[in-house]
Amino acid sequence: MTKTMTIKDAQITVDDWIKTVGVRYFNELTNMAQLTEEVGEVARIIARRYGEQSEKESDKNKDLGDELADVLWVLICLANQTGVDLTEAFQKNLDKKNSRDATRHLDNEKLK
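Numbered according to full-length UniProt numbering, the sequence shown spans residues 1 to 112.
It should be emphasised that the hints constitute simulated quantities derived from the structure, not laboratory data.
Beta carbons are placed, not taken as given, at the ideal position from N, Cα and C, and that holds for glycine.
Fair warning: there could be bad hints in the mix.
Restricting the straight-line Cα-Cα distance to at most 25 angstroms, the calculated cross-link-like pairs of lysine-lysine (BS3-like) are [unchecked claim]:
1. Lys112 / Lys97
2. Lys19 / Lys8
3. Lys97 / Lys8
4. Lys97 / Lys110
5. Lys8 / Lys96
6. Lys110 / Lys8
7. Lys3 / Lys19
8. Lys96 / Lys110
9. Lys96 / Lys112
Distance ranges between label pairs, derived from CB positions [as the list claims (entries may be wrong)]:
10. Lys62 / Thr87: 27 to 33 angstroms
11. Gly51 / Asn93: 26 to 32 angstroms
12. Lys92 / Leu29: 21 to 27 angstroms
13. Val84 / Ile46: 25 to 31 angstroms
14. Asp9 / Lys92: 37 to 43 angstroms
15. Thr13 / Leu94: 21 to 27 angstroms
16. Leu94 / Gln53: 41 to 47 angstroms
Starting from the given sequences, assemble the full structure and let the hints guide the process.
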């Protein structure tokens, strides 16, 4: 049975792992480069599996969920080391989208 994890739980779990197993956080620039690398791996899977590029034999066993989790991990690292509470930031972002974009997409003729 999988335990439900909040965003806050994830931030604490990553921080605990970094401090006990990972020794310390990589600096922010290194983590930004890692985030870019991980997003590239997700893009490769999406482009080949769902896009028009043919999938290479070596890519067929790649796990999209695992690659997305890698992106999430590095994103959480960056949030932790820069003092961002992702729960709070996500809620503020959702509030912004709900007020700013309340009818934006409904009114977009391209989406009909």
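For this session: Please test the hint of 27 to 33 angstroms on the beta carbon pair from Lys62 and Thr87.
Result: 30 angstroms Cβ-Cβ, so the 27 to 33 angstroms window holds.
Exercise. Holds or violated: are the alpha carbons of Lys8 and Lys96 at most 25 angstroms from each other?
Worked result: Since the Cα atoms of Lys8 and Lys96 sit roughly 21 angstroms apart, the hinted pair holds (cutoff 25 angstroms).
Exercise. Do the Cβ positions of Lys92 and Leu29 conform to the proposed distance bound of 21 to 27 angstroms?
Worked result: holds, 26 angstroms
Problem set entry | Distance restraint between Lys96 and Lys110, which requires alpha-carbon spacing of 25 angstroms or less | The given pair, whose Cα atoms are some 22 angstroms apart, holds under the 25 angstroms limit.
Problem set entry | Restraint check for Lys96 with Lys112, where alpha carbons must lie at most 25 angstroms apart | holds, 23 angstroms
Problem set entry | Supplied distance hint 41 to 47 angstroms, evaluated on CB atoms of Leu94 and Gln53 | Violated, at about 33 angstroms.
For this session: For the range 21 to 27 angstroms, tell me whether the beta carbons of Thr13 and Leu94 fit it or not.
Result: holds, 23 angstroms
For this session: Measure nothing beyond the straight line between the CA atoms of Lys97 and Lys8; if it is 25 angstroms or shorter, mark the hint as holding.
Result: holds, 21 angstroms
Exercise. Does the Cβ distance between Asp9 and Lys92 fall inside 37 to 43 angstroms?
Worked result: Since the Cβ atoms of Asp9 and Lys92 sit about 19 angstroms apart, the hinted range of 37 to 43 angstroms is violated.
Exercise. Can the restraint linking Lys19 and Lys8 be considered satisfied, given a maximum Cα separation of 25 angstroms?
Worked result: Holds - the C-alpha atoms of Lys8 and Lys19 are around 17 angstroms apart, at most 25 angstroms.
Exercise. Does the Cβ-Cβ separation between Gly51 and Asn93 fall within 26 to 32 angstroms?
Worked result: Taking Cβ atoms as reference, Gly51 and Asn93 lie about 28 angstroms apart, which means the hint holds.
Problem set entry | Lys97 paired with Lys110 [C-alpha distance capped at 25 angstroms] | Since the Cα atoms of Lys97 and Lys110 sit roughly 19 angstroms apart, the hinted pair holds (cutoff 25 angstroms).
Going down the numbered hints, you'll see the structure goes against 6, 14 and 16, while the others check out.
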